[in-house]
Amino acid sequence: MTNLRNYRNSRRSVLKAMTAGLAGLAGCSSVLQGDESDSTSEQKTTFHIGTPWNPDSLDPLVKGWMFRKLNIIEPLVIADYDASVKPGLASEWTTSDNKLTWEFTLQEDVSFHDGTPLTVDAVVSSLRRSFEADSLANLPVESISAKGERVVEIETSTPFAPLPAHLTRAPTSIVAEDSYDNDGDIKKPIGTGPFQFDSWTQGERITAVSNSSYRGQTPAIDTLVYESVPDEQTRVLKLENTELDMARALSGSTISTLEDREYLEPVDYAVPRSRYLVYDTTSSPFDDVKVRRAVMHAIDQEEIVGSVLNDLGPAAIGPFPPEVTDWANTDLEPYPYEPQTAEQLLAEAGWKATGNGRERDGETLEIGLWTYDARTLPLVSEVVQGQLSQVGFSVNLQVMDYSTIDERANSEEFDLVMWSNSLLWYSDPDRLADFVHSKDATMFSGYANDRVDTLLEEARRIPDANERKRRYDEVQSIVQRDVPIGWLTYVTNVVGMNAGIDGYEPLPTETCYHLENIEYDMEK
Amino acid sequence: MNRYLLKRFGTTVLVLISVSILTFSMVFVTPGDPAVTALTEQMGHQPSEEAVSEFREQHGLNDPFVVQYVNWLTDVLSGDLGVSYSSEQTVASMIGQRLPNTITLAVAAMAVAIAIALPAGVASATNPGSRIDYAAQFGALVGVSMPNFWLGYLLIMIGALWLNIFPVSGAGDLAHLVLPAVTLGSGMAAVIARLVRTAMLDVFDAAYIDTARSKGLRERIVVYKHALRNALVPVVTIVGLQFSYVLNGAVVVEVVFQRPGLGTLLVDAIFARDYPVIQGVTLLVGVIFVLTNLIVDLTYQFLDPRIDHGGEPV
Numbered sequence: 001m002t003n004l005r006n007y008r009n010s011r012r013s014v015l016k017a018m019t020a021g022l023a024g025l026a027g028c029s030s031v032l033q034g035d036e037s038d039s040t041s042e043q044k045t046t047f048h049i050g051t052p053w054n055p056d057s058l059d060p061l062v063k064g065w066m067f068r069k070l071n072i073i074e075p076l077v078i079a080d081y082d083a084s085v086k087p088g089l090a091s092e093w094t095t096s097d098n099k100l101t102w103e104f105t106l107q108e109d110v111s112f113h114d115g116t117p118l119t120v121d122a123v124v125s126s127l128r129r130s131f132e133a134d135s136l137a138n139l140p141v142e143s144i145s146a147k148g149e150r151v152v153e154i155e156t157s158t159p160f161a162p163l164p165a166h167l168t169r170a171p172t173s174i175v176a177e178d179s180y181d182n183d184g185d186i187k188k189p190i191g192t193g194p195f196q197f198d199s200w201t202q203g204e205r206i207t208a209v210s211n212s213s214y215r216g217q218t219p220a221i222d223t224l225v226y227e228s229v230p231d232e233q234t235r236v237l238k239l240e241n242t243e244l245d246m247a248r249a250l251s252g253s254t255i256s257t258l259e260d261r262e263y264l265e266p267v268d269y270a271v272p273r274s275r276y277l278v279y280d281t282t283s284s285p286f287d288d289v290k291v292r293r294a295v296m297h298a299i300d301q302e303e304i305v306g307s308v309l310n311d312l313g314p315a316a317i318g319p320f321p322p323e324v325t326d327w328a329n330t331d332l333e334p335y336p337y338e339p340q341t342a343e344q345l346l347a348e349a350g351w352k353a354t355g356n357g358r359e360r361d362g363e364t365l366e367i368g369l370w371t372y373d374a375r376t377l378p379l380v381s382e383v384v385q386g387q388l389s390q391v392g393f394s395v396n397l398q399v400m401d402y403s404t405i406d407e408r409a410n411s412e413e414f415d416l417v418m419w420s421n422s423l424l425w426y427s428d429p430d431r432l433a434d435f436v437h438s439k440d441a442t443m444f445s446g447y448a449n450d451r452v453d454t455l456l457e458e459a460r461r462i463p464d465a466n467e468r469k470r471r472y473d474e475v476q477s478i479v480q481r482d483v484p485i486g487w488l489t490y491v492t493n494v495v496g497m498n499a500g501i502d503g504y505e506p507l508p509t510e511t512c513y514h515l516e517n518i519e520y521d522m523e524k
Numbered sequence: 001m002n003r004y005l006l007k008r009f010g011t012t013v014l015v016l017i018s019v020s021i022l023t024f025s026m027v028f029v030t031p032g033d034p035a036v037t038a039l040t041e042q043m044g045h046q047p048s049e050e051a052v053s054e055f056r057e058q059h060g061l062n063d064p065f066v067v068q069y070v071n072w073l074t075d076v077l078s079g080d081l082g083v084s085y086s087s088e089q090t091v092a093s094m095i096g097q098r099l100p101n102t103i104t105l106a107v108a109a110m111a112v113a114i115a116i117a118l119p120a121g122v123a124s125a126t127n128p129g130s131r132i133d134y135a136a137q138f139g140a141l142v143g144v145s146m147p148n149f150w151l152g153y154l155l156i157m158i159g160a161l162w163l164n165i166f167p168v169s170g171a172g173d174l175a176h177l178v179l180p181a182v183t184l185g186s187g188m189a190a191v192i193a194r195l196v197r198t199a200m201l202d203v204f205d206a207a208y209i210d211t212a213r214s215k216g217l218r219e220r221i222v223v224y225k226h227a228l229r230n231a232l233v234p235v236v237t238i239v240g241l242q243f244s245y246v247l248n249g250a251v252v253v254e255v256v257f258q259r260p261g262l263g264t265l266l267v268d269a270i271f272a273r274d275y276p277v278i279q280g281v282t283l284l285v286g287v288i289f290v291l292t293n294l295i296v297d298l299t300y301q302f303l304d305p306r307i308d309h310g311g312e313p314v
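Protein chains in written order, with full-length UniProt numbering: chain A, 1 to 524; chain B, 1 to 314.
Excised from the complex, chain B in its bound form (with noise of 0.2 Å):
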């Protein structure tokens, strides 16, 4: 287990070296000034000629790649991921003040898409063929199949105009998290609950399931205890690496509610070519990816304990 996790450790160090060197070299070979750029930001016009060099010198930008990259590396190993060019923040404090959005609305995603995927799966699986089924399984096809921006503006009609019930875009309370999370978590929602489906009519299929049944056991003790538990691997792993695509899938739904978060921050940090917040949230975004994929990994073992690890002893 110890050597496991010792090498799981350093090929996620190998992973996060080269998502900053690939991060690094697109920011910089992407065509345009950041000095002008986020002097236009700053200023709310052109800058002068002077400004810019004077911006220049100032960020090292006008250093070699190399040393730039190794300059950001040895100020981020020693906590320091840089201050914005736009606003002058240090990044670590504009990430701190958006990632609890994204989480936020992360775990809520989450949680709306394990509402309606595990009863539907279930329910869809314990009557194969039925209405339900069939019902569940159109409901999971739409969902997977509508683009998400759509269903947020679909929603933002429905929910914000028509009903006059919900915001239309921002953060703070309940009531704004509520649009954006089923958005995002109705698309998961229909992966998960085919997920369900399938591996619970595999497990149906084996031979203890038809032991506990012949023992004489309740149908919904054979179907929750023994069936549903070991149908969850499958599932865990989806929901987990799922959980790593909520920050894909956030990005978009974050733009759409206009909701302040890594996605927003992101997105705005590219347009402005904040190089520093570019790199601070895609290395995050990174570190949090790798860890989630660790994570399922470890649960995977916790939930089977019979997977092992390319003969690893476990």
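Pulled out of the complex, with its shape left as it was, chain A reads as follows (with noise of 0.2 Å):
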């Protein structure tokens, strides 16, 4: 690290003399006067982190996941290594016999930025706000009150296994009264994490400091500056001329650039998301099952993940990647890649081969394949092209916005989308909901099973682990069955660093980066 100091500090003595220069012509000293503070704060560690995401709002309820990531804020839940949940602010929780009653008691000696205890009733008022939002209130959370000086109680309108998870989300953590002005604006966000606010420039960055009195261990770093650097491309420039410590949310192409520099280095993790094709499961000719399938054997995962992603995926079988929670049901049979069974099935569902295509009553095999430009989905998605074209199908792609594909998948009949979500970005398998229930579901397949629905609701009442996961193994193993999803690869996050820090280790669900448990080696 001192190596990559002292680099930095010579570019910035170069940089100070040409501006000088460069001041001294305009006649403006002023701009000296900022470089020298700034060249006086490198003798600190000031750790820069880059990512794509705008720090355009200081609100927790709008862009609170990025006080999360940061740690500034803390919710009485939080996500652990392998995806599941373990204590926050909350040191235990339980619920009542009728499972309509949670009681969360807070951890003792926690006070906020600004020195004041952490409080019951800051507490609740926190979360009554949290509740009100948009993003959560479709959860069946009836009141939020305080019992007694330790115990936040929280009531559901019907039983819910899943709100501990759900107190895992950025916007439920808890900030103190003064975060806000008489208006119910926010002015600072002032939380109980390792690292305190300090200010803002809207759009562009966020600068945090180290709480001294942090309950756990100081970090190590000093000053924390989040930066909005929305170009992949720069992100990596700006990591090798050394202006950022840390790019985030790179793809796997940049690996061998960041390899070829020796004071860089990349680390990849396996996250639960899934690059996965949503079939219009109400229309032609996706509403019938052999189709589906036959897509699934005409697709050679291994050759997607070897051609496009630079050998991270891996290939997905089911839903959640078995390497990052237990949720995974690991007995799930993928679809091999076999393309005389999907022209099998396909003769089967009536597509005759013709020369070159397939018809079924005078109308042609020919679907259109919708996707977005994020995490290399084009490219995949002309692979995917390209194998289904193999077997017959003629297949017009398409890329479009996210959100004009929600929109027209949701109106009007489709074919084919290929998506990528997280299935765990609030650590429950209750999110299969959004996937595949016949009423809650977000994704578009229009996919609707009894047995499905029976057994997603039960899981959600049920507070039993065992008795969830049993459900949620049968849910994934008809999903599996009856393909209204068909799961492609899972994703590999790339971060890019700096060689000089040791101790990151990355958090699966990406609710949080962790930066207070780094360390600078001196050596490197």
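I should point out that these hints are in silico values taken from the structure, not numbers from a laboratory.
Some hints here could point you the wrong way.
What the hints assert, rightly or not - To give an idea of the chain A side of the interface with chain B (calculated C-beta under 8 Å), a few residues: (1) 54; (2) 232; (3) 234; (4) 341; (5) 406; (6) 425.
Glycine residues also receive a C-beta, built at the ideal position from the N, C-alpha and C atoms.
Starting from two chains that each stand alone, build the complex the way the hints lay out.
Shown next, in the form of structure tokens:
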């Protein structure tokens, strides 16, 4: 790290000399003062992290995930490294016999960044504001109240086992009353985390400083600068130029660039996120399960991973990657790459091979494949297009904006959509309801299966984890058989960082960067 | 003059209303649901149906187009540009944050352009057919032909990665300004240099230059006091108009250098279907464009009072 700092300092001094010349010419000296203070602060550890996302709001209800990722604000429950839930600001929780009342016991001796103690009243007031927000309004929470000095009581209208997982979500993070002005607008987010908010430049950056009175270990980073750098290539350039210490959301193709620089290193890790196909199960040709299965057999997932994902997949079987979470059903049977089986299934479904495609009752097997530009989806779609054409599909690929796809797929007939999503952005498999429940689903396959609905609804009401897992396993099996959604590959995150950083352990759910754990290795 | 001004202001208002109607219509015929996009942006994940319908209701997105337009225009006329869907900040404050960066870039780019173009143009015109002239013309050709984004990346490679002198992107101090200003200014410099050359050569042909020379004035005075001042009339017009086009160029340059300004604000807002921000920025750019044209016309008169405006007394 020392070398890197020297390198940066020498670059700064050249820059300073140049700037001095230019500033002198322009008769401008104030710029120099800015640079002076900047170079003094370099003596301390300032960590620059670059991501594609804009820090354009201070409100934890609007862009709270950003403050949560930086660990400025903390919720009652947090996601663990195996994507399960574990105590956060609440040390433990219980449910009543009728499963409608939850009691969360607060940790002791916790203070907000402004020095005020974390009281039960502060938590209740913060949570009430959270649960009034759009993003949490659909949860069955009836009331939030204080019970004694350390217990927060949450009543739900129905038994709701995923509640602790929902309490890991950023908008439920606890902020002090003084975070808001008299109109209820945010002034600054005052949380309880290892970093505390320092300043904000709208749309550009957030600066946080280490919280010396944090109940755990004080972070090695003195100042944390979160910068918005939307273009991936620019993030890599800034990393190469040592303007950033960490660049996030990189694609696999950047790994070799990072490996070529001795002062940089790539970190890749599995996340519970998938690339998948959504079939319109209500219209031809994908209203026939045989045609959906034919697609699954016609796609060579390994080929996709090898050809366009820089070997970073891996191929997916079910919704959850088993290496990340225990909620994955490890008994699922994959659809092997068997073009002959695909052709046979298509023939059975009445789609007869012609010279250059397939036909049924004079109709050609022509489908539209829609996708949007993120996580290499267009490239993966091109490979899928090619592979499907091998068994007789004629595929029209269209890359659109994701909200256009969402709007059109929900309002008109479509064929096939390639999408990518996190399956555990809150750490609970109830998330499957968003994909395959006949009424709750936000994905648009039109799939309706009474057994799946029943299992999902039962699992949501049962507190016992094993009982729940049994049901979610069955849901995954049924979905694997019916394929309203075809899982293609899991997503591997790539983070580029300074080789002089030790102790960075990426959290699969991506809800917190945990930069308070990193250390500087002076030898590197 | 007053009638002329009045007429110009009338046209300005009409143009701005047209701009607002066009922007509003274009945003609405573009497919994609702003509620889904904005909520996904805010939450970092796919929103539920309930959240989407609540958002649409809250922001009046279920109202007919005309109602939405009239509501927006009424608010704008009372000084309220609305609230961003993505950040829930007021559009005015977002523009206020970004505008200084864009203005700084535009002014710096103009300075770079003029600093290169005036000497190059004058040198070229006073030595027509010489090596200096050919070199300047070749430079201008290269400058005009080179796309901003390409030059931008080239300068990043050289200035940031190889020489390690300038930062790759961002805004803040003078160092952040150099590469974007050179990128944006060099293209303009080429246009202006060519114009200065042509205008100077035209002026050199005029009888009053011969008169000045025959009076025995020093060539320096002839060139700079007599010729350049008159040659500046078309140059100022173009420079003025270029100032508006700088805003267009700034969009590309700001994106290349990830410089937070109106350009990046607009591009982000378009991707995020953030209607209030798109409308606010477009309107502002429209206002700047129209006002710049007005100022150019007035400057024109100042430099050459013989120019009249359609028979109006001036």
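Status of the hints after comparison with the structure:
Taking 8 Å as the C-beta cut-off, the interface hint given for residue 54 (chain A) holds, the closest approach to chain B being about 6 Å. Taken as an interface hint, residue 232 (chain A) does not check out: its beta carbon lies about 11 Å from the nearest beta carbon of chain B, beyond 8 Å. Checking residue 234 (chain A) against chain B: minimum C-beta separation of about 5 Å stays under 8 Å; hint holds. Contact between residue 341 (chain A) and chain B, as hinted, is not supported at the beta carbon level, the nearest pair being about 33 Å apart and thus beyond 8 Å.
Hint status for residue 406 (chain A): holds, given a least beta-carbon distance of 5 Å to chain B, under 8 Å. Against a cut-off of 8 Å between C-beta atoms, the interface hint on residue 425 (chain A) holds, since the closest Cβ of chain B lies about 5 Å away.
Comparing the model with each earlier hint shows violations of hints 2 and 4; every other hint is respected.
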